[in-house]
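There are 2 protein chains.
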Amino acid sequence: MSKLTDVPKRILIGRALRSDRLGETLLPKRIALPVFASDPLSSVAYAPGEVLLVLSIAGVSAYHFSPWIAVAVVVLMFTVVASYRQNVHAYPSGGGDYEVANTNLGPKAGLTVASALLVDYVLTVAVSIASGVENLGSAVPFFVEHKVLCAVGIIVLLTLMNLRGVKESGKLFAIPTYVFVVGVFVMIAWGAFRGLVLDDTMRAPTADLEIKAEHQGLAGFALVFLMLRAFSSGCAALTGVEAISNGVPAFRKPKSKNAATTLAAMGLLAVTMFCGIIGLAMATNVRMAENPANDLLRDGSPVGDSYVQNPVISQVAAAVFGDGTFFFILLAAATALVLFLAANTAYNGFPLLGSILAQDRYLPRQLHTRGDRLAFSNGIVLLAGAAGLLVWIYGADSTRLIQLYIVGVFVSFTLSQIGMVRHWNRHLAAEKDQAKRRHMVRSRAINAFGAFFTGLVLVVVLVTKFTHGAWVALLGMVIFYATMTAIRKHYDRVAEEISAPEGPSDDVVRPSRVHSVVLISKIHRPTLRALAYAKLLRSHTLEALSVNVDPAETKALQEEWNRRGIDVPLKVLDSPYREITRPIIEYVKSLRKESPRDVVSVIIPEYVVGHWYEQILHNQSALRLKGRLLFTAGVMVTSVPYQLESSEVAKRRARKRQEWSAPGSVRRGPADERAKESDKASTKASAKASTKGSAAESSDGKS
Amino acid sequence: MSKLTDVPKRILIGRALRSDRLGETLLPKRIALPVFASDPLSSVAYAPGEVLLVLSIAGVSAYHFSPWIAVAVVVLMFTVVASYRQNVHAYPSGGGDYEVANTNLGPKAGLTVASALLVDYVLTVAVSIASGVENLGSAVPFFVEHKVLCAVGIIVLLTLMNLRGVKESGKLFAIPTYVFVVGVFVMIAWGAFRGLVLDDTMRAPTADLEIKAEHQGLAGFALVFLMLRAFSSGCAALTGVEAISNGVPAFRKPKSKNAATTLAAMGLLAVTMFCGIIGLAMATNVRMAENPANDLLRDGSPVGDSYVQNPVISQVAAAVFGDGTFFFILLAAATALVLFLAANTAYNGFPLLGSILAQDRYLPRQLHTRGDRLAFSNGIVLLAGAAGLLVWIYGADSTRLIQLYIVGVFVSFTLSQIGMVRHWNRHLAAEKDQAKRRHMVRSRAINAFGAFFTGLVLVVVLVTKFTHGAWVALLGMVIFYATMTAIRKHYDRVAEEISAPEGPSDDVVRPSRVHSVVLISKIHRPTLRALAYAKLLRSHTLEALSVNVDPAETKALQEEWNRRGIDVPLKVLDSPYREITRPIIEYVKSLRKESPRDVVSVIIPEYVVGHWYEQILHNQSALRLKGRLLFTAGVMVTSVPYQLESSEVAKRRARKRQEWSAPGSVRRGPADERAKESDKASTKASAKASTKGSAAESSDGKS
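Chains A and B, in that order, are what the protein sequence lines are. Each step along the first sequence adds one to the number in the UniProt record's numbering, with nothing skipped, and position 92 is 92. Each step along the second sequence adds one to the number in the UniProt record's numbering, with nothing skipped, and position 470 is 470.
There's no promise every hint is true.
If chains are identical, the list can't say which one is meant, so a pair holds when it fits in one copy or spans any two.
What the hints assert, rightly or not - Think about it this way: if two alpha-carbon atoms lie no more than 27 Å apart in a straight line, the pair counts; the simulated DSSO-like pairs of lysine-lysine are:
| hint | residue 1 | residue 2 |
| --- | --- | --- |
| 1 | K555 | K432 |
| 2 | K571 | K171 |
| 3 | K535 | K593 |
| 4 | K589 | K651 |
| 5 | K571 | K589 |
| 6 | K589 | K626 |
| 7 | K555 | K626 |
| 8 | K593 | K626 |
| 9 | K589 | K535 |
| 10 | K108 | K253 |
| 11 | K555 | K535 |
| 12 | K212 | K29 |
For the record, the hints were derived by calculation from the structure and aren't laboratory data. Since this is a predicted model, take the numbers as computed values, not measurements.
So here's chain A without its partners, still in its complex pose:
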């Protein structure tokens, strides 16, 4: 904690570079809300409907339990929001659930949370897009008729956008999110006004349908179980609440306070909308069923396979505003857009989490470096591929996808809150100030209640949803967990193998001389340049080396060599099989054998061209040779590049690529803020790390 002022120069230089290059800005609350809350807010588009769906199993009479379930969801929402307000204050650096669990409960808990979050990102994309398509479909039937195609198309679109590096801008999020929120509130208000003041009868499009109860007259344990299942489904409204706790560094100062306020505002908006929609659904007699084709009856007979069950929010909107009216269509469009933005959130969060995991060596090190386009691309493609697969398998049916969704969320909620309790315990042990202690005790109580409640919900979700699809999510978590453990093990093993022994640095037998060898095929500018550079290096011996693949060419080379009077001896290796790699490797080995303490420096002239298809035509032998030489001990391999004219193309392309901004940069906050945080984190980490040879970790990325 004391290191905050340690690197003022660095911060200054960082700032100077930053302001004229990337122009990252801190987010005011009114922008932060839509950026971070599009995921939880948008989930009110499907969560209320899921509650009704499950209740319908016991027939329409069970709908009367829905207000109670709404109350339970509201209580849970307040608990979770209150808990995460503590997180935000305790970890102003943006400690997400992974970091909280990792720091306080140890790496296994951390990795469990990370696996859960990774699975959740995939499901956020799948569920949000499926639901978005269904909402669009309530206005334009084409979309539901080609549900899977549309959903996959939107996944592809989002993927391409994020691969190209569209910068997440606050405005992009703000407008549709606010249109959506305002739209829902207007709908609730107008519905209430019409119902209570004007005493209009508002009827949802499905109000005339009957529900065939799958289990008529459920009672006792079965009824409780059903209500718990309905509650589990309603908990979908809570997904994405933790996003703000990751994004504290992106807020304006005072960061923690602003983040906590935004969190509260988000919670309030979400529960109001959730309850309002449930209320309107009851008032307008919305009828939904888990298997609408069989269980919804029109005039006594099932509606059949052609029936399209519209989302509850659009049914309510149809009842309040009228089907096909301007407001109805506006709300449907805003709902769909917010849902797609929520999906986009995962495209930003996935690489962010990947970067933190890479820092802890659970994922390839290069994911850690910001702006590493290739690494981000791989993450994005992985995310899109998994989401696309789920959408395809589950027919882009949001109801079936939601069964998978909630496990991961509550795994991370629960472990994060348990971690917070530990956090406060640790701090209470050290803290003497009574006022601060009181504050901590209060926070601990909130987190403890949060842990208890979310843990209970997790058990409920697991019990009620396991066979309905939660097992798929658990399987995904296990796969992520196993992969990340294996990667970490590999890094640890390598770190141990290469760790430098203490003592003077020349623990290895110090080499005595360098024998330099310049590979020559023909005399041309690239080889002349390589020779000139090699001479400058003043190695102990220097010779040019050519492989005799074609006697006539070799003879011509020797003649030109003499004619030009090049003052480096030219050695020619025979190659009866026209190979190039083998004779050189054997020669290098023979040099090493003669004087084992010498180092052989192989200098290779290389062409640099601009297009990949040109690359195919050049340097292939050099590439293979370099690959083989790297396996030989006591060798240095030097490339002396010669830039051909066409290489300018590639240079320009590389420069353009550098301007690319990684997804998630806005919600991640400016780099120097994160640096401070990682500063602290690694101080903490290095205190632990001395037990295992992890001091070598960062080399994987750099060398």
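Given chain A, work out where chain B should sit, using these hints.
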């Protein structure tokens, strides 16, 4: 020509290496015949049937023209064999059609021949395998019922075999080829004995069928056209005749004479078998039609789609030996096997031709180096892919595939023979010895007649087959031609750009000093090794460079640096965006800007691991950095490898890979024989080459 004795040491060393390593042996005639002639001999399995097929269009009466067509094919075969015997004597180095056309008619003709040959290799695979499957199917119906699947399966099998590097052994070819040849001769003899001596009536399985003529009573031009078309189809028997002229170096001495004898024997066998099968087909009343389903009538009504038209060779065998007898099945199996061997021939010839084309810079240079597994693999996969596609498109129907086949063959025949006429003209101009002149005039007459006759056939084939599929083959040739021209242009342009100006070698501004920079991330064995090596290089300045991605790590690095007392200054670059590449590139550029005549040597410690998935976890940043640095002028990039324990795996794998023998090595002959040849060829070439900057050509492969 005078250079044959120029490199005795090289040959000796080559021999010594060779005998204990690859054990390449020269082929006696009895083995050379099956190795080189499996393609032309196997074509008698389908060529006679194709003649009957075409004739059937004019009704069964037109079958009576088939002996005349057989005579025309025999005359053509003798002409071609006589012509190629001249090639073999004139080019004992194994000058194939490409080399003959290229040397005597110029590069455009050469490239045309090469394109034709490449297309032909693809078609050899497609036609031979389709026909082989049909022959197998005559014994075991399963194969014809799943024709495409079986054909593709065999292509995949041959491809895998050749990718793994199965060595072409003489015995592998000898046994089935001789079984096939002996089988066909026994069949002809036994058939003649039964028919002429025993006066048995032998009836083919289709003897009872009637043929519905598509054009009844053809006469005049239409009849001539049909006969020419039948003749064109019969010419399929000539495919592959040129193979021996490529393979002269593989023969025992006297090479040319032995090759010429083998060629004659092959021609004699082929025509005897061709005529014998046609004769037996006439005697046993074989009935074949182009569209058997409609045009073959059983008791007056079409046989329908379920009818399978067996190859003529199997119908004849059924008539002579009896359907399903041991001899029948043996012959069918031998026929299929020889056809698959013929397809395998293309797998050997394709990389061989590719290697020669690469030498002339029409294909990527690395194809030229023998035993370059990757390059061969690409060629093999390309060949298999194209053949598989054709098989799939044409439903593995040999009759439809043959329409494409014959164009390419006669393009190369004709151009090769024209080239030979030019060859003799040139030699006649220089030759004084009357006996030799007489011999040359005679050879020229044979080649001239060959050129005229094959040219005529080419026109006939083009006219009669163009719309039947020959256009596809022509299109393929155009694509190959255009690609190879583009590659050659690229190489020429690069050669011009990099050619060293005459005069003293320091035409480039001679650099004055080397500034060495060792990249450091952590202190561990790989970086310590890189530092030790860098010190040895005695560059003018040396510093260690680290990028500050994480302040805490950087601080720890600096502390350890001081503690260990490493006597190289450590410079730390700031990186506010956690990038690694950009700060280093900018630093290197700034060094260059300060002193533009200096060279910057960037030394990168690298881990060497054994598995590709480990590679993903390491060196990614180093790889990207190296890629970017190569585009910077005045830079040398040095890798100092550190072999981790797991790298042993990769070393073993590489060693194993080295043992791999490239397809085509047997028919190519020992390496030193080819070296002599290329010696001569390049003397000739270099006489021409001075006009264009082609002196730099071989560098593409090596540097």
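The hints, checked one at a time:
1. When the C-alpha separation of K555 and K432 is checked against a cutoff of 27 Å, the pair qualifies neither within a copy, at 87 Å, nor between copies, at 32 Å.
2. Taking the shortest Cα distances, K571 and K171 never come within 27 Å of each other, neither inside one copy (67 Å) nor across copies (42 Å).
3. In this assembly of identical chains, the alpha carbons of K535 and K593 lie at most 27 Å apart whether taken from the same copy (24 Å) or from different copies (22 Å).
4. Taking the shortest Cα distances, K589 and K651 sit within 27 Å of each other only across copies (14 Å), while inside one copy they are farther apart (37 Å).
5. In this assembly of identical chains, the alpha carbons of K571 and K589 lie at most 27 Å apart only when taken from the same copy (16 Å versus 35 Å across copies).
6. Taking the shortest Cα distances, K589 and K626 sit within 27 Å of each other both inside one copy (14 Å) and across copies (25 Å).
7. Within a single copy, K555 and K626 get their C-alpha atoms as close as 26 Å, which meets the 27 Å cut-off; across copies the closest is 34 Å, which misses it.
8. Proximity of K593 and K626 under a CA criterion of 27 Å is satisfied intra-copy only: 20 Å inside one chain copy versus 30 Å between copies.
9. Taking the shortest alpha-carbon separations for K589 and K535, both the intra-copy value of 23 Å and the inter-copy value of 22 Å come in at or below 27 Å.
10. In this assembly of identical chains, K108 and K253 lie within 27 Å of each other by CA distance neither inside one copy nor across copies; the values are 34 Å within and 74 Å between.
11. In the homo-oligomer, the alpha carbons of K555 and K535 lie at most 27 Å apart inside one protomer (24 Å), although the nearest pairing across protomers, at 37 Å, exceeds that limit.
12. When the C-alpha separation of K212 and K29 is checked against a cutoff of 27 Å, the pair qualifies neither within a copy, at 47 Å, nor between copies, at 87 Å.
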